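First to last, the protein sequences are chains A and B. The numbering of the first sequence is full-length UniProt numbering, which starts it at 1 and goes up by one. The numbering of the second sequence is full-length UniProt numbering, which starts it at 1 and goes up by one.
Just so you know, the hints here were simulated from the structure itself, not pulled from any lab data. Model, not experiment: these values are computed from the prediction. Among the clues, some could well be false.
So these bits of chain B aren't anywhere near chain A, every CB distance computed over 12 Å [unchecked claim]:
id: 1; residue: Ala23
id: 2; residue: Pro36
id: 3; residue: Arg56
id: 4; residue: Ala57
id: 5; residue: Gly61
id: 6; residue: Asp128
id: 7; residue: Arg196
id: 8; residue: Val234
id: 9; residue: Asn242
Some chain B residues close to chain A (C-beta under 10 Å, calculated; not the full set) [what the hints assert, rightly or not]:
id: 10; residue: Leu82
id: 11; residue: Gly136
id: 12; residue: Glu138
id: 13; residue: Asn144
id: 14; residue: Gly147
id: 15; residue: Val148
id: 16; residue: Arg158
id: 17; residue: Glu163
id: 18; residue: Tyr212
Glycine residues also receive a C-beta, built at the ideal position from the N, C-alpha and C atoms.
Protein chains: 2
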Amino acid sequence: MDDPVLLTGASGRVGQAILGGIADDYEWRLLDREPPTGDHPGEYVVADITDYDEVRAAMEGVGAVIHLAGDPRPEAPWSSVLENNIDGAKTVYEAAVDAGVEKFVFASSNHAVGAYETDERTPEMYRDHHELRLDGTELPRPTNLYGVSKATGEVLGRYYHDEHDLDVVCVRIGNLTEGHPPIDYERGQAMWLSYRDCAHLFDRCLRADYDYEIVYGISDNDRKYYSIDRAKDVLGYDPQDNSAHFEGEERVHGPEA
Amino acid sequence: MDDPVLLTGASGRVGQAILGGIADDYEWRLLDREPPTGDHPGEYVVADITDYDEVRAAMEGVGAVIHLAGDPRPEAPWSSVLENNIDGAKTVYEAAVDAGVEKFVFASSNHAVGAYETDERTPEMYRDHHELRLDGTELPRPTNLYGVSKATGEVLGRYYHDEHDLDVVCVRIGNLTEGHPPIDYERGQAMWLSYRDCAHLFDRCLRADYDYEIVYGISDNDRKYYSIDRAKDVLGYDPQDNSAHFEGEERVHGPEA
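Input sequences plus hints: build the corresponding full structure.
Structure representation (structure tokens):
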């Protein structure tokens with residue numbers, strides 16, 4: 001990828017994990033609604049993703065997009081996810097197609113499929129002897145309206161791939177925490193994504209060839225109910241971390257959501 | 001279903017097909033943005049589905065909802081489907097849950113999966129020797145933003161079922177034409193839905209027991225690439241018509257989209 005990579009929502013947690021690992025490997029154009037608070041690689045554009053003209057201008061000359069921007073709160077109200085996550089995603093896809101972008105990486109979420117975790121299945125499904133594996137071919141089952149908005153972003157990606165030839169990969173991001181997995185939180189351990197695996201996975205999304213894909217973004221945890229086979233096979237994802245390696249270590253923090 | 005049935009978009013084509021068949025079988029509350037133009041059964045409420053308070057008032061005492069209202073144009077612009085079909089559907093689902101409605105029938109569309117009709121598969125897939133059958137378990141592949149909005153309505157239904165115990169059936173409606181199948185239009189013949197089968201199918205959606213379902217709404221056409229097995233098994237759908245029975249008859253009309 002010689003052309004600049006547009007990273008929306010660059011100042012958020014996922015954006016920081018990505019830049020922490022691969023800041024030096026691409027020419028970046030960072031976009032966020034908030035101005036930068038520290039050093040950053042490449043250009044920085046302050047823009048709202050629901051403003052087509054601003055997004056289209058930021059898209060000029062871009063080879064690939066990593067679209068993270070949106071309301072990240074699982075409990076976000078409908079009015080916000082409708083505007084920021086659904087209309088916002090549509091605006092960014094549209095601008096990408098209009099600018100001739102090749103690859104589009106969409107940050108989806110475990111909340112798009114959270115309702116597979118039924119009362120009957122939990123907490124057993126969070127443990128390493130459980131056989132259930134979601135693999136990205138299943139229909140969404142969102143636990144909240146945020147998850148609905150992420151599932152819609154996936155469908156928008158399918159449309160822009162089928163009808164406008166944009167190559168799209170949707171990453172259903174698990175539980176991203178820095179340094180170590182969530183403590184005393186089996187669900188978070190099962191879907192843990194370490195910062196370095198996150199950066200590596202998005203690096204693969206920028207380099208690999210694909211048409212339209214939905215993959216799970218988690219480390220290679222012993223406990224998991226998301227398959228990472230598709231990410232390995234199509235993207236060449238080769239995760240280094242596993243939440244099981246932290247079991248029994250000193251518990252320095254409480255559980256994180 | 002002894003309680004009234006709320007029918008949104010009552011004045012549209014699907015609403016008229018339903019009322020043409022089962023007007024006398026339920027106590028209806030009809031809702032449409034436009035005032036009635038002729039006789040109609042039951043109450044008639046003029047309201048916009050994006051207005052929660054209006055919809056909630058119309059929902060009072062209702063046992064089941066058939067939600068047809070929305071922009072029906074496959075070529076509808078994003079601004080319209082975002083407001084009328086996505087935000088509108090969310091408003092109607094929300095009001096239904098708040099009013100304690102039992103069953104929700106969502107009018108989805110063949111356009112939610114139109115992109116399975118690839119250049120490589122067509123027109124062979126429209127013919128009766130072709131083996132492809134979409135059955136409602138496949139991920140959406142919309143051909144247009146209208147189809148994206150219908151896929152989103154399905155996901156909203158999944159959410160309101162899983163998190164709010166609303167029983168939901170999504171009907172991916174084929175090509176509804178009155179009297180006879182589309183002429184000289186293989187795609188339309190493969191997904192033809194006669195008026196009487198339409199009324200019968202929605203009748204079954206009001207009477208059957210289900211949790212969350214996605215079914216295809218077509219007649220029992222020889223040529224089909226949508227399975228009607230699920231509609232038969234879960235809903236007791238027993239279609240009477242078949243577009244093949246009209247082949248060779250006088251062609252009184254041109255093709256309809």
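Each hint, compared with the structure:
Every CB of chain A is more than 12 Å from the CB of Ala23 (chain B) (nearest about 34 Å), matching its label as outside the interface. Listed as outside the interface, Pro36 (chain B) is consistent with that label: its C-beta sits roughly 31 Å from the nearest C-beta of chain A, beyond the 12 Å cut-off. Chain A leaves Arg56 (chain B) outside its interface by the beta-carbon criterion, the shortest separation being 15 Å against a cut-off of 12 Å. With a least CB separation of 20 Å from chain A, Ala57 (chain B) remains clear of the 12 Å interface cut-off, as annotated.
Separation of Gly61 (chain B) from chain A is adequate, the least Cβ-Cβ distance of about 25 Å exceeding the 12 Å criterion. Every Cβ of chain A is farther than 12 Å from the Cβ of Asp128 (chain B); the closest lies at roughly 26 Å, confirming the non-interface assignment. No beta-carbon of chain A is positioned within 12 Å of the beta-carbon of Arg196 (chain B); the least distance is around 30 Å. Listed as a non-interface residue, Val234 (chain B) keeps its Cβ farther than 12 Å from every Cβ of chain A; the least gap is roughly 16 Å.
Asn242 (chain B), annotated as away from the interface, keeps every beta carbon of chain A farther than 12 Å; the closest lies near 29 Å. A cut of 10 Å between beta carbons decides the hint on Leu82 (chain B): the least distance to chain A is about 6 Å, and the hint holds. With 10 Å as the threshold, the beta carbon of Gly136 (chain B) comes within range of chain A, its nearest partner Cβ sitting at about 9 Å, so the hint holds. A hinted interface residue such as Glu138 (chain B) counts as satisfied when its beta carbon comes closer than 10 Å to some beta carbon of chain A; here the least separation is about 8 Å, so the hint holds.
Proximity of Asn144 (chain B) to chain A holds as hinted, the smallest CB-CB distance being about 7 Å (cut-off 10 Å). For Gly147 (chain B), the suggested interface contact is upheld, since its CB lies about 7 Å from the closest CB of chain A, less than 10 Å. Checking Val148 (chain B) against chain A: minimum C-beta separation of about 5 Å stays under 10 Å; hint holds. Hint status for Arg158 (chain B): holds, given a least beta-carbon distance of 6 Å to chain A, under 10 Å.
With its C-beta approaching chain A no nearer than about 6 Å, Glu163 (chain B) sits inside the 10 Å limit, and its interface hint holds. Given hint, Tyr212 (chain B) at the interface with chain A, holds; its Cβ is 9 Å from that chain's nearest Cβ, closer than 10 Å.
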